[in-house]
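**Student:** Input sequences plus hints: build the corresponding full structure.
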Amino acid sequence: MQLRNVEIFCDVASRRSFSKAAKAHNVSQSMTSQIVHTLEEHLGTLLIDRSKRPLELTAAGELYYDGCRKLLDTYRRLEDRVRQVENNKVAGRVRVAAIYSVGLLKMDAYVRRAEELYPEVDLRVDYLHPDEVYERVQSDEATLGLVSFPRDGGEFSSISWQEQKMVLVVPAGHRLAGRKSVSSADIAGEDFVAFTSELSVRKQIDRWLKQEHAPVNIVHEFDNIENIKRAVEVGSAVAILPEPAVKREVALGLLDSVRVKDVDWRRPLGIIHRRHKTLSTAANKFVELLHEDPATFPKSGPRPESTNGHKRSKRKKTRV
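Each residue of the sequence shown is one higher than the one before, starting from 380 at the first, in my numbering.
Honestly, the hints are just simulated from the structure, not real lab data.
The structure presented is a predicted model; accordingly, all values stated were derived computationally and were not measured.
Glycine residues also receive a C-beta, built at the ideal position from the N, C-alpha and C atoms.
Just to be clear, a hint being listed does not mean it is correct.
To be verified - The following label-pair restraints were derived from C-beta to C-beta distances:
| # | residue 1 | residue 2 | range |
| --- | --- | --- | --- |
| 1 | 420 | 626 | 48 to 58 angstroms |
| 2 | 518 | 645 | 22 to 32 angstroms |
| 3 | 458 | 564 | 55 to 65 angstroms |
| 4 | 458 | 416 | 24 to 34 angstroms |
What the hints assert, rightly or not - No more than 20 angstroms apart at the CA atoms, straight line, and that leaves these computed lysine to aspartate or glutamate pairs for DMTMM-like:
| # | residue 1 | residue 2 |
| --- | --- | --- |
| 5 | 582 | 510 |
| 6 | 544 | 672 |
| 7 | 640 | 622 |
| 8 | 449 | 519 |
| 9 | 678 | 487 |
| 10 | 626 | 487 |
| 11 | 485 | 672 |
| 12 | 485 | 542 |
| 13 | 544 | 585 |
| 14 | 402 | 520 |
| 15 | 664 | 519 |
| 16 | 559 | 569 |
| 17 | 399 | 510 |
| 18 | 656 | 514 |
| 19 | 589 | 641 |
| 20 | 656 | 459 |
| 21 | 656 | 667 |
| 22 | 468 | 499 |
| 23 | 468 | 495 |
| 24 | 402 | 519 |
| 25 | 656 | 458 |
| 26 | 468 | 667 |
**Tutor:** Okay, here's the thing in structure tokens:
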């Protein structure tokens, strides 16, 4: 039994898809299917019910998947420990799942610095929908997750990371543009571009507006900051967004950000991981690095084509 085949089976099981697992490992779908079939022949039982869509694990498959996850985790930890003893270096594999709005440029600075400090660490960052971040961490596909309004309980532990000031965002030329601050009463009755209702940030904004007795007229809903900014930019509606997310548009004169008086609206960002899983040395080092200010990092040259895998997901940027 080859560990790579076990890894591929685990990805098929967690993603419920041969094609997605094949893409993750840069192999063909037919090869992925053949690998799982070979495992089934070796074990003498079906592991995956291929008649279901999405795919479902059989009872034997669930048992095998659970055991394989533990096996891979143990093996990777063993490799990490051996490398550290032999080379006295931080080594290992760290997979990070992040929401898009953590800030791609800032995240890139963290990854570059990690590659400089810990070249033996295999680091990759994927950008996903918030629900997918939790799924990746829960299934052990990701070591760490970067999310807003993080859950802390059940299967997840959360480490505080950042707090971002939330501001009123208005189009250039809006009646509230140019002000240093506005009251919550000024927001009441405005046409409003909101996040979609299932997102934690939307629920929190709804609570804030309700507490301030500032009802708004929701005219558009999106599941990502980029689309909200574009909708505000081309229309007359307003939005409430993290201040760092609109710095570029404000500097270009496309939008204006205005503080709301007498409130302290903030979006917390957190680092999540599985509660009962001890983080590796490499993962802990990356968590420590995330708590540093990237503005203090030494300037580095262009990143070479071959990297430790700061892999931006090819999903469209439609995430919070």
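**Student:** Against each hint, give a clear statement of whether it holds in the structure.
**Tutor:** Comparing the hints with the structure gives:
no.: 1; hint: 420 x 626: 48 to 58 angstroms; in the structure: 57 angstroms, holds
no.: 2; hint: 518 x 645: 22 to 32 angstroms; in the structure: 30 angstroms, holds
no.: 3; hint: 458 x 564: 55 to 65 angstroms; in the structure: 60 angstroms, holds
no.: 4; hint: 458 x 416: 24 to 34 angstroms; in the structure: 28 angstroms, holds
no.: 5; hint: 582 x 510; in the structure: 15 angstroms, holds
no.: 6; hint: 544 x 672; in the structure: 17 angstroms, holds
no.: 7; hint: 640 x 622; in the structure: 15 angstroms, holds
no.: 8; hint: 449 x 519; in the structure: 10 angstroms, holds
no.: 9; hint: 678 x 487; in the structure: 13 angstroms, holds
no.: 10; hint: 626 x 487; in the structure: 18 angstroms, holds
no.: 11; hint: 485 x 672; in the structure: 9 angstroms, holds
no.: 12; hint: 485 x 542; in the structure: 15 angstroms, holds
no.: 13; hint: 544 x 585; in the structure: 16 angstroms, holds
no.: 14; hint: 402 x 520; in the structure: 14 angstroms, holds
no.: 15; hint: 664 x 519; in the structure: 19 angstroms, holds
no.: 16; hint: 559 x 569; in the structure: 18 angstroms, holds
no.: 17; hint: 399 x 510; in the structure: 17 angstroms, holds
no.: 18; hint: 656 x 514; in the structure: 15 angstroms, holds
no.: 19; hint: 589 x 641; in the structure: 15 angstroms, holds
no.: 20; hint: 656 x 459; in the structure: 16 angstroms, holds
no.: 21; hint: 656 x 667; in the structure: 18 angstroms, holds
no.: 22; hint: 468 x 499; in the structure: 7 angstroms, holds
no.: 23; hint: 468 x 495; in the structure: 13 angstroms, holds
no.: 24; hint: 402 x 519; in the structure: 18 angstroms, holds
no.: 25; hint: 656 x 458; in the structure: 17 angstroms, holds
no.: 26; hint: 468 x 667; in the structure: 16 angstroms, holds
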